[in-house]
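Peer 1: Residue numbers (the numbering used here), protein chains in the order written: chain A, 8 to 288; chain L, 8 to 288.
Rather than coming from a laboratory, the hints here were simulated on the basis of the structure. It is possible that part of the hints are untrue.
No copy is singled out in the list; a pair is fine if it fits within one copy or between any two copies.
Claimed, not checked - Okay, derived cross-link-like pairs now, BS3-like style, lysine-lysine, Cα gap no bigger than 27 Å in a straight line: (1) Lys122 / Lys111; (2) Lys199 / Lys52; (3) Lys229 / Lys133; (4) Lys165 / Lys111.
2 protein chains.
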Amino acid sequence: MKIIENPQEMQSFIKEQKRAGKTVGFVPTMGYLHQGHLSLVERAKRENDLVVVSIFVNPTQFGQGEDFDIYPRDFERDKNLLAKLNIDVLFYPSVEDIYPSNYKTYVEVYDITDKLCGASRPGHFKGVTTIVTKLFNMVLPDRAYFGLKDAQQVLVIKQMVKDLNFPIEIVPCPIVREEDGLAMSSRNVNLKPHEREAALVLSKSLFAAQKLILDGERDGDKIKKFIAENISKEPLANIDYVKVVSAENLEEVKEIEGEILIALAVKIGKVRLIDNIMVEV
Amino acid sequence: MKIIENPQEMQSFIKEQKRAGKTVGFVPTMGYLHQGHLSLVERAKRENDLVVVSIFVNPTQFGQGEDFDIYPRDFERDKNLLAKLNIDVLFYPSVEDIYPSNYKTYVEVYDITDKLCGASRPGHFKGVTTIVTKLFNMVLPDRAYFGLKDAQQVLVIKQMVKDLNFPIEIVPCPIVREEDGLAMSSRNVNLKPHEREAALVLSKSLFAAQKLILDGERDGDKIKKFIAENISKEPLANIDYVKVVSAENLEEVKEIEGEILIALAVKIGKVRLIDNIMVEV
Chain A
8 MKIIENPQEM QSFIKEQKRA GKTVGFVPTM GYLHQGHLSL VERAKRENDL
58 VVVSIFVNPT QFGQGEDFDI YPRDFERDKN LLAKLNIDVL FYPSVEDIYP
108 SNYKTYVEVY DITDKLCGAS RPGHFKGVTT IVTKLFNMVL PDRAYFGLKD
158 AQQVLVIKQM VKDLNFPIEI VPCPIVREED GLAMSSRNVN LKPHEREAAL
208 VLSKSLFAAQ KLILDGERDG DKIKKFIAEN ISKEPLANID YVKVVSAENL
258 EEVKEIEGEI LIALAVKIGK VRLIDNIMVE V
Chain L
8 MKIIENPQEM QSFIKEQKRA GKTVGFVPTM GYLHQGHLSL VERAKRENDL
58 VVVSIFVNPT QFGQGEDFDI YPRDFERDKN LLAKLNIDVL FYPSVEDIYP
108 SNYKTYVEVY DITDKLCGAS RPGHFKGVTT IVTKLFNMVL PDRAYFGLKD
158 AQQVLVIKQM VKDLNFPIEI VPCPIVREED GLAMSSRNVN LKPHEREAAL
208 VLSKSLFAAQ KLILDGERDG DKIKKFIAEN ISKEPLANID YVKVVSAENL
258 EEVKEIEGEI LIALAVKIGK VRLIDNIMVE V
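This is chain A alone, in the form it adopts within the complex (with noise of 0.2 Å):
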């Protein structure tokens, strides 16, 4: 496995490698990683002759008082476990080299960037959109792979995908839970173990309602406060956002049809969680 970290020298041996007919499968990570990332690689290596994985905490996407300075990093740990998994390249840029100063350039896509988590972080997709596009660009994918549990991001993605023309296939995959159904992220290390307890709430409620729904209920409504008053009966759950939305566009739906989405963001103590499950009926 070949370390990078200066992004001239990323874009330089991808060059060669795609000279060479080489196709390239790429993982962007903020690192911290865990089983939810590391299926991600195992697919990308299955599809592609080369895998790229980069780990970048990306400050422009956390807002002001967000948790940039005590998102859990790790190189050592994450660079061993990818060895293991024989992966080509762990790209791994400084900020100095990402956003040199002088910095100006942005990608937005708007609409469905105002919703959900857009709603909640202000300018948390801009950043997100940004740094992807730098990525692809100094990585020069075929195929890019990203997690489910950020469904949303998911979603921004493939549509700046599209929009901008990248040659680039987005290939979401499924969310990776712990045992008891939390759904991993890298955050969860900073919740404290009565409150890993307690965070097991978003999960539980969101397979009650895919039951209900499953059962037979369709009033997106109804299936939102049902949620909430189940969240609301844990002490240290705060509901950021519950929302029921089209899996295509993340308007809300009052009648549940076709592909859906239950979205929501709950902190818990200091560390706000997200969790979804797509619905199809």
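With the hints as your guide, set chain L onto chain A.
Peer 2: Coordinates of chain L only, in the frame set by chain A:
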């Protein structure tokens, strides 16, 4: 010369050519080609295995009340000119294929786009950087050629390419002028004969200002005033702006030093013309 209208076809064709090891030079235009454009094409031919010229009058870079509707268009004429130059691909996409319904993504360079033409034409450069990003992703060039008549555009595109890490070299090319000094522009065709005569006041003022500086004048404000007075003597001319700025960051300069850009935009009748000159002292 291959004519391609479909964006996907454009991208597939180029990917195939690049797999075969060909380098790609790209000249994006809005058509109604003049010798300025053709000089870009000639240079692209010298420096690359394959040359793509696009013709697309990009609606998103025109503001309300601007000249999108009367921007000159003549595809047959352009096609014949390019066929004679023996380029490889003429890319001629439709507005519907470039901005399909449900289009949501824009690329924006901040700061340097607020000045000069950006101040007079809000949103103009956002339209430019968005379409250029899209065209870059469709044509995947190694080098892209831009004329320095749009000096600010060149600076904005260079900033965008650096910031977003596009694997593309931007090649700025000199202004091409008519024999009497008028900078070539597709818009010149919209000038009536007496306006065409009046339009000479742009280049004449710039050349005279250049001479003043080379003769020792170093006061930016005096140069601006000199040009403005010169232009005001022409009854058909209405000044949009006259600026003496740093060629590096477009900040106005009081004391002329290093590489500066004298840039102006002037309406002759209903036709808005721009011109500029670089001076190094």
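Peer 1: Each hint should be assessed against the structure and marked as holding or not.
Peer 2: Quick rundown of the hints versus the structure:
1. For the homomeric pair Lys122 and Lys111, the shortest alpha-carbon distances inside one copy (25 Å) and between copies (14 Å) are both at most 27 Å.
2. Proximity of Lys199 to Lys52 under the C-alpha cut-off of 27 Å is found in neither arrangement, the shortest distances being 35 Å within a copy and 64 Å between copies.
3. Taking identical chains as interchangeable, the C-alpha atoms of Lys229 and Lys133 are never at most 27 Å apart, the minima being 32 Å within one chain and 43 Å between chains.
4. Taking the closest pair of Cα atoms, Lys165 and Lys111 come within 27 Å of each other both inside a single copy (24 Å) and across two copies (11 Å).
Violated hints for the displayed structure, listed by number in ascending order: 2, 3.
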